[in-house]
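Fit chain to chain and form the complex, with the hints in mind.
Those protein sequences? They're chains A and B, same order as listed.
Residue numbering for the first sequence follows the working numbering, beginning at 1 and increasing consecutively.
Residue numbering for the second sequence follows the working numbering, beginning at 1001 and increasing consecutively.
I should point out that these hints are in silico values taken from the structure, not numbers from a laboratory.
A portion of the hints provided could be inaccurate.
[Said to hold, decoys possible] Okay, derived cross-link-like pairs now, EDC-like style, lysine to aspartate or glutamate, Cα gap no bigger than 16 Å in a straight line:
1. Lys102(A) x Glu77(A)
2. Lys232(A) x Glu1168(B)
3. Lys1057(B) x Glu61(A)
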Amino acid sequence: MREIHVDEIRDNVAQICVDAAYNLSDDVLTAFDRAQQMETSQGAREIIGLLKENARVAREEHIHICQDTGIAIFFVEIGQDLRIRNGFIIDAINDGVRKGYKEGYLRKSVVDPITRRNTGDNTPAIIYTELVPGDKLKISFMPKGAGSENMSAIRMLRPTEGVEGIKSFVLDCVQRAGANPCPPVVIGVGIGGDFEKAALLAKKALLRPVGSPNAKLELASLEEALLRTVNKTGIGPEGLGGKVTAMAVHVESFPCHIASLPVAVNINCHAARHKTIIL
Amino acid sequence: MKLKAGDRVLITGIIYTGRDMAHKYMVDGHNKGEKLPFDLAGQILYYTGPTPAPPGKPIGSAGPTTSYRMDKYTPTLLELGLKGMIGKGPRGQEVKDAIRKHKAVYFAAIGGAGALISRAIRKAEVIAYPELGTEAVMRLEVEDFPAVVVNDVHGSDLYQIGVEQYREIGGAEGESC
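Just chain B, same shape as in the assembly (with noise of 0.2 Å):
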């Protein structure tokens, strides 16, 4: 992995939404014995919940959400497989210390721009728990989808290098609330 925190990127190819209610449903699913609606291994999750798409257009505004909600569910996901996640906001150390064991990494796309990021979304198509609206899992084909590269297999967290070369007050980061 050849990837460092601060790297930036752009993604072209397949990546998963899901968020918060679908990492729920695949892992208790998981521990029931249930087969996972989507082979993980080698994949991205992308923690988002679109607008709907409007006449003519593949996507809404389709921008990251916070990612430490799913934190509870992110070390089995990354056990299943699982090599790529974007969101927005830190992670908790359970999940960075999956992060380095299982070779994988943690990307953030900028918070609040749904717009521009929608942009990047070529199709989008549900494939796991319609039920769920937004928050239904879809296979998205991006092209040249921008990210930064913040957890890396090295233990880095570009959220606390970037904030240290700033900060005027204030000791440690705490964990997310």
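Extracted from the complex, chain A is given alone in its bound form (with noise of 0.2 Å):
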């Protein structure tokens, strides 16, 4: 059986957090390129030029893309023929984070819910480990800020509203946004299961390669759909209006009751942060 120590867990798990907080993946790098081509506005155009440059200051001169280095949010594929070693993965995880949000100067921004008193170190992460066939250990981290993450929303829809139910209360999402989650954003949307399977669903699609589409053809056919509404409000780049307010729908779905139709949005900035290793 294979084996994996605990130490090997943590150190990874802290070089992807650091790794985020500066350097913007190349499918968000170029989503910009393509939002950039797609604005008619000249005011819009430039400050898509400007998150480019940001991106490359991050990058060359080592400060963080965005001050919200958000609060960690793992998903995690254990597989069943792995042995992990010398400890719990759940402490190892938490403990590459205390160690990346540390030695990378992120912000720590995890409090206590009432008393708002810091965790001093960004943990606990939030951490969603699945059970797959094998013997590698997937990690996939998403730093999520709160000017997104508060414009989240779910709704059980009637089953009978359908696809049209579906759309409209996505565009009601974004129009209610409007610039908080700093646009052009990428949304997710997960549709059916049940009230946290949406949401899980809504979470797990950002993690997919910005503008990539579903591999379920009327999933794909949705998420395009979805993209052309949302971009018409004419939100645009910082929601100072323009023809980009989203770079991209991504839809996960779900089979849910015969009389629910439970639908969650959940929105990404434009820093759209993401990192996924395989162990």
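In structure tokens:
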């Protein structure tokens, strides 16, 4: 049986925490280029130019892309034939967050929800684990800022509202969010399952490379239709007006009860930071 | 006040940081008759919570945070003499009315461009609520800090003006979430 030491997990987690805060990944940079080409507004094009410049400065001068280095969210796939040695995987991930946020000078943005006292090291991380076939460990990390997270919403639609109901709810969320989540955004939409499954699908959808379509054709075409619709709102980059309110809409779905149609919307800012490693 | 919605400005001089908890502390303190930790009269508040300063730099990444969360406290601070605010995202009607009444201005900085913006900050010093960490009130020395006027004394709102030019669907812009 393949084995992995918790220290290796900790060190790799620390490294991706730091990497994500300084180096915007290529899929997002390419999405900026596409957005700049699509924009008709001169001002909006200039704003996207500034976002590209910000990413360059962050990478080259080693300054965080955004001061909100997020609450640390992990999706972890554990191969059932992998044995984790010398400790508990959740502790190892939290130790990695502690190490990465300290050594990388990242902001510690996590507090007790009632007392509002800061935990001081950005832990605990939010960790979702899934058992999968094989002997690998896949760790996906998303530092999620609150400006975009605060614009999330979920609604339990009536089944008869169908695709039109879904479209109208997503549009409603984007319009209410306006300039707040730092557009041009990436929109995660979770459809089906139950209350928390829909929310989880919406969040997980944000991990896909920006603009990569869902493998299911009907969902890919729904993504296209939703993107066209939200980009008619005029909100534009930074909410100051333009054609590109969203760079992508990612939809994920799961079967649901005959009486339900849960729909969750989770928005990511233009600094759509995400990193995945396989150990 | 000559500034109009849409004007791009470069701010040089002293500004102060303050976000969620600092607003609550200042206004709750004021309501109990306590003195503010610094004189707000004629000053600019920047809604930001920077990342820690790495060695050799005055501050870390320092872009704007979303402003509507401060709306509840803003009219009181404007009454106490605050003249400018820098953040991102639209303000509620009460804030816009208070901006007109007290002849103040609300600027937006580019959200999510904290690396670029931090280059305009020359010096940073915590002056109040150090226990709040990144949310403490800091005195910043800035040079050519880039911002755009969103709400001016005439009641204009750049977010509404900008979006209306490009909107193909939907009705009146709702209040923020």
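Tested hints:
1. Simply put, Lys102(A) and Glu77(A) have alpha-carbon atoms about 26 Å apart, too far for the 16 Å limit, and the pair is violated.
2. In summary, the hint linking Lys232(A) to Glu1168(B) is supported, as the alpha carbons are separated by about 5 Å, within the 16 Å threshold.
3. Under the criterion of a C-alpha separation no larger than 16 Å, the hint pairing Lys1057(B) with Glu61(A) is consistent with the structure, at around 11 Å.
Hint 1 from the list above is the single one not met by this structure.
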